[in-house]
Amino acid sequence: AQKITQTQPGMFVQEKEAVTLDCTYDTSDPSYGLFWYKQPSSGEMIFLIYQGSYDQQNATEGRYSLNFQKARKSANLVISASQLGDSAMYFCAMREGRGTNAGKSTFGDGTTLTVKP
Amino acid sequence: KAGVTQTPRYLIKTRGQQVTLSCSPISGHRSVSWYQQTPGQGLQFLFEYFSETQRNKGNFPGRFSGRQFSNSRSEMNVSTLELGDSALYLCASSSPDRGGTDTQYFGPGTRLTVL
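Order-wise, the sequence lines are chains A and B. Numbering of the first sequence is given in the working numbering, commencing with residue 5 and proceeding in unit increments. Numbering of the second sequence is given in the working numbering, commencing with residue 2 and proceeding in unit increments.
Note that these hints are calculated values from the structure, not bench results. Be careful, since some hints might not be right.
Each computed BS3-like pair below joins lysine-lysine, with the alpha-carbon atoms no more than 27 Å apart [said to hold, decoys possible]:
(1) A:108 with B:58
(2) A:7 with B:58
(3) A:108 with A:7
(4) A:108 with A:74
(5) B:14 with B:58
(6) A:77 with B:58
Label-pair distances were calculated between CB atoms; the ranges are [to be verified]:
(7) A:121 with B:43: 25 to 31 Å
(8) A:67 with B:52: 32 to 38 Å
(9) A:45 with B:83: 22 to 28 Å
The structure presented is a predicted model; accordingly, all values stated were derived computationally and were not measured. Ideal Cβ placement from N, Cα and C applies to all residues, glycine included.
Extracted from the complex, chain B is given alone in its bound form (with noise of 0.2 Å):
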C-alpha cells in the first residue's frame, strides 16, 4: 500500500500571501489529520477530518482552515501568512477501526518558509 503523501515537499513565500497544501492518505483510511512542528512550539494538533467533516480541531486563529474531498484527500489553507508560519506541516490518515485511538500513519511533510 502507498503511504501518506503530501505535496508540494518545499514551499517558500511571502508575509501576506496565502499557501494551500496537500495530502493524500493512505488508501480506505478516512480520516486524515493535520499537524504544525516548529522548533519552539513542537507538534501541535490543528485539525481532524472524516469523512468530509471536521471532528476536532485546535488551539490556532481562523487563518488555519481545510477541507477533505470524498475520496479522503485533504488540503489545508493557511491565509495572511505571518513569519511564525514558517513550519514542518505534516499530514497524518488513519482507518477508523478503534474509534479515536486509532493509529496515525504520517507523511513526509510539508517545510514551509515565510520571509
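Next comes chain A alone, as it looks inside the complex (with noise of 0.2 Å):
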C-alpha cells in the first residue's frame, strides 16, 4: 500500500535561511510521482514541486528543490532563502502510475512551518 510519512510536526526557520522539511514515501509501483504542496491558513493547497520516479535529477523550482534519494525512499523539499510569506502547513503526496491505485493520491500528515523575522 501506498504511504508518505511526514516525521516533523512543525519547524521553525530563521528569516533567509534555508530549510529542509522530510518526507519518506512507501509504494511497490515502480511508476509514481511525488509532489509537494504548501496550504496557508486561507485552506487553498499551491502545488510547489514534481519529481518523477524515472527523473535522474533532483527537481527544482526557484527557491524549491527536492532531494529525491530512490534508494532510501526519500523526496525531502528544501526552501532556501526563507520568507515570511513561506510560514504555512506543508504536505508531501505521492500519485501512483499503474495498478488499482493508479492516480489516487496519497499525502502525509503535513509539517507546520513557521518562519521568524
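Assembly of the complex is requested from the two constituent chains, each provided in isolation within its own frame, with the hints serving as guidance.
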C-alpha cells in the first residue's frame, strides 16, 4: 500500500535561512510521482514541485528543490532563503502511475513551517 | 488560464440533510479528484473522475457520491449528513499527460459545517 510519512509536525526557521522538510514514502509501483504542496491558513493547496520516479535529476522550482533519494525512498523539500510568506503547512504527496491505485493521491500528515523575522 | 473553482465556498447544513458541491476544473483538464480534509484524519482521497467515468475510489461510505459531466465539471454529493462530515472538501484537476502521476491543481475548497 502506498504511504507517505512526514515526521516533523512543526519546524521553525529564521528568515533568509534554508530549511529542509522531510518526507519518506512507500510504494511497490515502479512508476510514481512525488509532489509537495503548500497550504496557507486560507486553506487552498498550492502546488510547489514535482519529481517523477524515473527522473535522474532532482527537481528545482525557484527557491524550492526536491532532494530525491530513490534507494532510501525519501523526497525532502528544501526551501532556500526563507521568507515570512513561507509560513504555512506543507504536504508531501504521491501518485502511483499503474495498478489499482493509479491516479490516487496519498498525502502525509503535513509539517507546519513557521518563519521567524 | 483560470484555476480550479469550487462552489459554494462555505456551507452550513444540519444532520440528515444532503449537500451537493461543485467543481470546475482548469480548462483542458479531464481528470477531477475530490478530497476530504479534517484535523483528525488529514487529507483523504474520495474519488477521481476521468471523462465522465469514476476511475478510482477511496474508502468512504456510499453516502458519498460524485459525477462528472461532458464539460469535465464535477459534482460531489453527500446524503444523510453526519456531524463527522464537517470538513474542508477539496477538488483537484489534472491533465492526463503522465498517466496517473499528473500534477493535480487544487481549488480553494468548500468548508462544510454540519450542525
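Status of each hint after checking the structure:
1. A:108 with B:58: Status holds; Cα separation ~8 Å.
2. A:7 with B:58: holds, 16 Å
3. A:108 with A:7: holds, 12 Å
4. A:108 with A:74: holds, 20 Å
5. B:14 with B:58: Cα-Cα ~25 Å, so holds.
6. A:77 with B:58: holds, 25 Å
7. A:121 with B:43: 25 to 31 Å: This hint holds: roughly 30 Å between Cβ atoms.
8. A:67 with B:52: 32 to 38 Å: Roughly 37 Å apart at Cβ, these two residues keep to the hinted range, so it holds.
9. A:45 with B:83: 22 to 28 Å: The hinted range 22 to 28 Å holds for residue 45 of chain A and residue 83 of chain B, with Cβ atoms some 26 Å apart.
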